[in-house]
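Read top to bottom, the protein sequences are chains P and Z.
For the first sequence, the working numbering assigns the number 1 to the initial residue and increments by one for each residue that follows.
For the second sequence, the working numbering assigns the number 1001 to the initial residue and increments by one for each residue that follows.
No incorrect hints appear here.
Below 30 Å or equal to it, Euclidean Cα-Cα: the simulated BS3-like pairs (lysine-lysine) are:
{"#": "1", "chain 1": "Z", "residue 1": "LYS1325", "chain 2": "P", "residue 2": "LYS46"}
{"#": "2", "chain 1": "P", "residue 1": "LYS206", "chain 2": "Z", "residue 2": "LYS1206"}
{"#": "3", "chain 1": "Z", "residue 1": "LYS1334", "chain 2": "P", "residue 2": "LYS334"}
{"#": "4", "chain 1": "Z", "residue 1": "LYS1334", "chain 2": "Z", "residue 2": "LYS1321"}
{"#": "5", "chain 1": "P", "residue 1": "LYS291", "chain 2": "P", "residue 2": "LYS67"}
{"#": "6", "chain 1": "Z", "residue 1": "LYS1325", "chain 2": "P", "residue 2": "LYS325"}
{"#": "7", "chain 1": "P", "residue 1": "LYS334", "chain 2": "P", "residue 2": "LYS67"}
{"#": "8", "chain 1": "Z", "residue 1": "LYS1007", "chain 2": "P", "residue 2": "LYS291"}
{"#": "9", "chain 1": "Z", "residue 1": "LYS1321", "chain 2": "P", "residue 2": "LYS67"}
{"#": "10", "chain 1": "Z", "residue 1": "LYS1325", "chain 2": "P", "residue 2": "LYS334"}
{"#": "11", "chain 1": "P", "residue 1": "LYS7", "chain 2": "Z", "residue 2": "LYS1232"}
Label-pair restraints from in silico Cβ distances:
{"#": "12", "chain 1": "P", "residue 1": "ASN31", "chain 2": "Z", "residue 2": "VAL1043", "range": "47 to 53 Å"}
{"#": "13", "chain 1": "Z", "residue 1": "ALA1044", "chain 2": "P", "residue 2": "GLY231", "range": "53 to 59 Å"}
{"#": "14", "chain 1": "P", "residue 1": "ARG322", "chain 2": "Z", "residue 2": "GLU1319", "range": "36 to 42 Å"}
{"#": "15", "chain 1": "Z", "residue 1": "ALA1044", "chain 2": "P", "residue 2": "GLY205", "range": "57 to 63 Å"}
{"#": "16", "chain 1": "Z", "residue 1": "GLY1208", "chain 2": "P", "residue 2": "ASP318", "range": "46 to 52 Å"}
{"#": "17", "chain 1": "Z", "residue 1": "THR1028", "chain 2": "P", "residue 2": "GLY256", "range": "24 to 30 Å"}
{"#": "18", "chain 1": "P", "residue 1": "PHE112", "chain 2": "Z", "residue 2": "LYS1291", "range": "43 to 49 Å"}
{"#": "19", "chain 1": "P", "residue 1": "PHE209", "chain 2": "Z", "residue 2": "ASP1318", "range": "49 to 55 Å"}
{"#": "20", "chain 1": "Z", "residue 1": "LEU1034", "chain 2": "P", "residue 2": "LYS42", "range": "43 to 49 Å"}
Please keep in mind that the hints were generated in silico from the structure rather than gathered at the bench.
Beta carbons: idealized from backbone N, C-alpha and C, even for Gly.
There are 2 protein chains.
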Amino acid sequence: MKKIINKPENFIPEMLEGIYAAHPHDVTYVNDDLHCLVTQHKVAGKVGISTGGGSGHLPLFLGYVGKGMLDGCAIGDVFQSPSAEQMFEITKAIDAGAGVLYIYGNYNGDIFNFDMAAEMADFEADIRVESVVAGDDVASAAAVNAGQKNTRRGVAGIFFVYKCAGAAAAEMMDLDNVKRIALKACQNVRTMGVGLSPCIVPRVGKPGFSIAEDEMEIGMGIHGETGIRRGKLLSADEIVNEILPQILDDIPYQSGDEVAVLINGLGGTPLEEQYVVYRRVQQILQAENIKVCHTYVGEYATAMEMSGLSISVLKVDDELKRLLKAQADTPFFKQFQL
Amino acid sequence: MKKIINKPENFIPEMLEGIYAAHPHDVTYVNDDLHCLVTQHKVAGKVGISTGGGSGHLPLFLGYVGKGMLDGCAIGDVFQSPSAEQMFEITKAIDAGAGVLYIYGNYNGDIFNFDMAAEMADFEADIRVESVVAGDDVASAAAVNAGQKNTRRGVAGIFFVYKCAGAAAAEMMDLDNVKRIALKACQNVRTMGVGLSPCIVPRVGKPGFSIAEDEMEIGMGIHGETGIRRGKLLSADEIVNEILPQILDDIPYQSGDEVAVLINGLGGTPLEEQYVVYRRVQQILQAENIKVCHTYVGEYATAMEMSGLSISVLKVDDELKRLLKAQADTPFFKQFQL
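Isolated chain P (complex conformation) (with noise of 0.2 Å):
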């Protein structure tokens, strides 16, 4: 396990440490533990947002929470949910009197935790809270339709979601067209991923699978999760051909259609890569005729050391696309206003 730590118990919270030492005007904890992180720039009467999740992911999921963006998050250990009492004092402290929204990956931790500290938030203290799961991953599962439960993971494609969403917030909207934004950057958006190789967990202190030196994996979700098929490593262009259309035909995306994009590292894949990855996808949108209003490239989502990158389209409609644009600033992600 070749990795710059201490003690692998220590990791997370060494991690947290210099999370708040190097951005102290930003962000800070509650009820004294690191793990449940807020925003240093509460609004009030603002919708507060809250996300949480494993660690590992870093800028997911705390590196979002700033202007414009999120209020809270709270942090569990290397691919493993926080508990509902963390997720209890965040809302409590970053609900500003509009009720707090919940928006976290499709995964059975989190949804357990999330939907107890709704509760706890309920029946203690008198806040309300809505919840959006979100599910963009299109390698994980069955379709999801109107009506339908989503069994797909949550990846990358969460940032459009907080992005949108927290403009929202920032525009002073109530908590349910909050949520109704929230929704509707869920729904349209679809990932797709390839990996390349394995990240350690530093307690486990080994690969947590293995992949030959001439394989990929399609498909592969952000912890290692199995994909839809592995075979030997493609070239950039080919990767494409394969993944893109299948994010396309899953909306399906249209000619005519405005889309944003995120080409999005899994932490160990260099960004000269993802720019030759989006070169690809920009030749095919542009030969459907489906026009990019803003391009994402760089780490958003990782697994640590995990070599692979993902692609995320998400259709924007004249709202969506007004909620991109906006300004944000967070210790990692920055827009000034498009």
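Given chain P, work out where chain Z should sit, using these hints.
Okay, now just chain Z, sitting in the frame of chain P:
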């Protein structure tokens, strides 16, 4: 070689096509040459700042072209200098009537070509050009003293030189003053790193060096240049305990000083580990009574998929601090006024 690329010889041109496709409102190229990148936000009467160097270090070098930072960048193949002709074409394109400053790292090929480009600018285009060569790597050579040739490599600390000089130019300082600021930043920044794994130049197809699974190299350069010593992998705290005092002793930094810090990931090292490292950096600086005015953590100067990181410390006075805190907006680095 496990990379998401197409033909190795097309790696950099295809990466550049991806960059221009992703950031059409921010950057473009001149002379029909993808390797001659210039800003879309030229400001009349402002000193132009150009940089350049080999590829494989994103966001270095081209990622810092944008508002409040640089105006142009000559882009070489992986780890290879761009040509004097390319630098000259950029110089002509970005000159806005106030002359041009070259800021680049201390590598022989770059020095040779930038010097030739400056002569061409003088003789063929009557553009005044000044140059500042960054050499911040404490590990790489003998001390820098007044009047002595700096034999140190330029590494991640060049980010601070770009930031301060870019803000000075944005304030409409003249060429002499922008150069003065760049020199002051160079004289006050020091960096040292640690490498854990090699990277592969696509055209070469195999690692530039080998290092055992339980080893690290203190002081390794961003092309894998030999450092100060190779030994067993230490803990995060032990690595900082070894590196940081060598940085602090160098200028030296003293009790009561104020500094900015950059923890830079080399490409393959997760952000989580970088924060564990910053935690220890801050503890030591606090114990030394050195105040941190701002902290940057992330990938600022990489070596593709290389694992490892570097620590840079910039000693600031009121002028450098003002310039550091100014707004900047490039495709890869955004900062609201601090």
